[in-house]
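Take a look at the letters that make up each chain.
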Amino acid sequence: MNARLEWRVATLVGIRSETATARTLLLDVPGWPGHVPGQHVDVRLTDEDGYSTQRSYSLAAPADGDRVELTIQRVNGGEVSEYLTDTFAVGDPVELRGPVGGWFVWHPSRTVPALLVAGGSGIVPLMAMVRARREARSRAPFRLIHSVRSPSDQFYASELRRAARDDGGLDIVTLFTRSAPAGSVRPPRRVGPADLELYGWPPQFEPTCFVCGPTGFVEKVANTLVGLGHDPRRIRTERFGPTGD
Amino acid sequence: MGIVSPGFRRRRHDADVQLPPGQYLTEDFPVLSAGPTPNISLDRWEFTIASETGQEYRWTWDELLELPAEEPTVDIHCVTKWSKLATTWRGVSLDLLMEDVDTTADYALAHCYGGYTTNLPLEDLLDGRAWVVYEFDGSELAPQHGGPARLLVPHLYFWKSAKWVRGLQLMEFDEPGFWEGVGYHNYGDPWREQRYAGD
Chain F
1 MNARLEWRVA
11 TLVGIRSETA
21 TARTLLLDVP
31 GWPGHVPGQH
41 VDVRLTDEDG
51 YSTQRSYSLA
61 APADGDRVEL
71 TIQRVNGGEV
81 SEYLTDTFAV
91 GDPVELRGPV
101 GGWFVWHPSR
111 TVPALLVAGG
121 SGIVPLMAMV
131 RARREARSRA
141 PFRLIHSVRS
151 PSDQFYASEL
161 RRAARDDGGL
171 DIVTLFTRSA
181 PAGSVRPPRR
191 VGPADLELYG
201 WPPQFEPTCF
211 VCGPTGFVEK
221 VANTLVGLGH
231 DPRRIRTERF
241 GPTGD
Chain V
1001 MGIVSPGFRR
1011 RRHDADVQLP
1021 PGQYLTEDFP
1031 VLSAGPTPNI
1041 SLDRWEFTIA
1051 SETGQEYRWT
1061 WDELLELPAE
1071 EPTVDIHCVT
1081 KWSKLATTWR
1091 GVSLDLLMED
1101 VDTTADYALA
1111 HCYGGYTTNL
1121 PLEDLLDGRA
1131 WVVYEFDGSE
1141 LAPQHGGPAR
1151 LLVPHLYFWK
1161 SAKWVRGLQL
1171 MEFDEPGFWE
1181 GVGYHNYGDP
1191 WREQRYAGD
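If you read the protein sequences in the order shown, they are chains F and V.
Using the numbering used here, you'd call the opening residue of the first sequence number 1 and step up by one each time.
Using the numbering used here, you'd call the opening residue of the second sequence number 1001 and step up by one each time.
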């Protein structure tokens, strides 16, 4: 019998700007039980009239004691994401509960190859896997394909550059869909079969594939991976919106 | 009620409708699934009910379409917090499919193309509360929303409305399905906010 996941009061202790519309929140959560990369939390906001609303956000990094990280992409008109990216200030409290989710997760003890495919802010739970791999000194073969609209939409850009250089056995490629940096060989376009074949693992390597992003992106990538011969049972997906938020 | 979030102001006004706790309204139809959308051929599609004694009842696609259809208009609630009101579907009532099934089972495990499963008390599938649906909003059900056919059990969180359903296994004892086995609530009543195990 599981104990109820209790609501905890977290305090914002730091902010990192990721892009013009996304930021990482460093939260102190007394008594945090720890989590596995890929899991998420529920965040609850309440106003002075007692109106309260909840959203789910992926954890962006392994826990550091009571410290957890969420990266929030602002959605225009989204009352929770706009609050968390604009108004929420260091020292403010917020309620959260978790960790939640036991499917879209990567355990650092795993040694089989992993293919991580992220569309836009879908990088967040996959970044938690990359960071946990580094922290655990895992040598599991990892390939990360990150699709973003333009260079200014990249989350964690400098950390990913360092990881590509320093984390043995981790390959990272960033693919641009609208505008690529000057000098790019690949013209901006959506991720297609050729990209997944070139930058992914051959199906015979039997990688676990983690695909996260907006629905259309995940549908297309997951279907393409199946078409390339990957076993559907080894493809795990997580989809973001559109959810009206 | 929780602690007040400094500077947070309500911006959405879903006040004229009563939603389950923690839910918000959406006009879109978000997609959530754990893996790729399966590719299902209608020629080979079938829906099976297997009783606890092993007796099987089968319908082909054409046979399902020939059964009297109902057009439920229902509110749906996803555990990821969105709710969508007055959605319209077309399909066959589980009451009708269960009519000739000889069983004393108390539980059902829904099985799906692609391997997904979800468990429900059998009584939650009866009395006009559950359907096998193949149309949404007047059009054939799109694959990413569970087409060709999915379960519709709107009084429970929407993960119980299994996409790509291919059958029910009737059981004397309860057995967790896919999400129920990885931390989600066994029953999933949105009005009691039964999202996760222990809620």
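Don't read these hints as lab results, they were simulated from the structure.
Just so you know, not all the hints are guaranteed correct.
What the hints assert, rightly or not - Chain V is faced by these chain F residues, among others (derived, beta-carbon under 8 Å): (1) Arg4; (2) Thr46; (3) Gln54; (4) Gly101; (5) His107; (6) Ser109; (7) Val112; (8) Glu219; (9) Lys220; (10) Leu228.
From the three backbone atoms N, C-alpha and C, an ideal C-beta is built for every residue, glycine too.
Hint glycine 101(F) vs chain V: min CB-CB distance below 8 Å? Result: holds, 7 Å to nearest chain V Cβ.
Is the shortest C-beta separation between valine 112(F) and chain V less than 8 Å? Interface hint status for valine 112(F): violated (17 Å vs cutoff 8 Å).
Interface restraint verdict for glutamate 219(F) against chain V (beta-carbon cut-off 8 Å): holds, 6 Å
Evaluation of the interface hint that places histidine 107(F) against chain V, nearest CB under 8 Å: Histidine 107(F) check fails; min Cβ-Cβ to chain V is 13 Å, beyond 8 Å.
Does the closest beta carbon of chain V sit nearer than 8 Å to the beta carbon of glutamine 54(F)? holds, 4 Å
Once the shortest beta carbon distance from leucine 228(F) to chain V is found, is it less than 8 Å? violated, 12 Å
Interface hint status, threonine 46(F) versus chain V (Cβ within 8 Å): holds, 4 Å
Interface restraint verdict for lysine 220(F) against chain V (beta-carbon cut-off 8 Å): Not OK, violated: lysine 220(F) not within 8 Å of chain V, min 10 Å.
Are serine 109(F) and chain V close enough, Cβ to Cβ, to be under 8 Å, as the hint says? violated, 17 Å
Interface hint outcome for arginine 4(F) [beta carbon to chain V under 8 Å]: holds, 4 Å
Hint compliance for this structure: hints 5, 6, 7, 9 and 10 are not met, and every other hint is.
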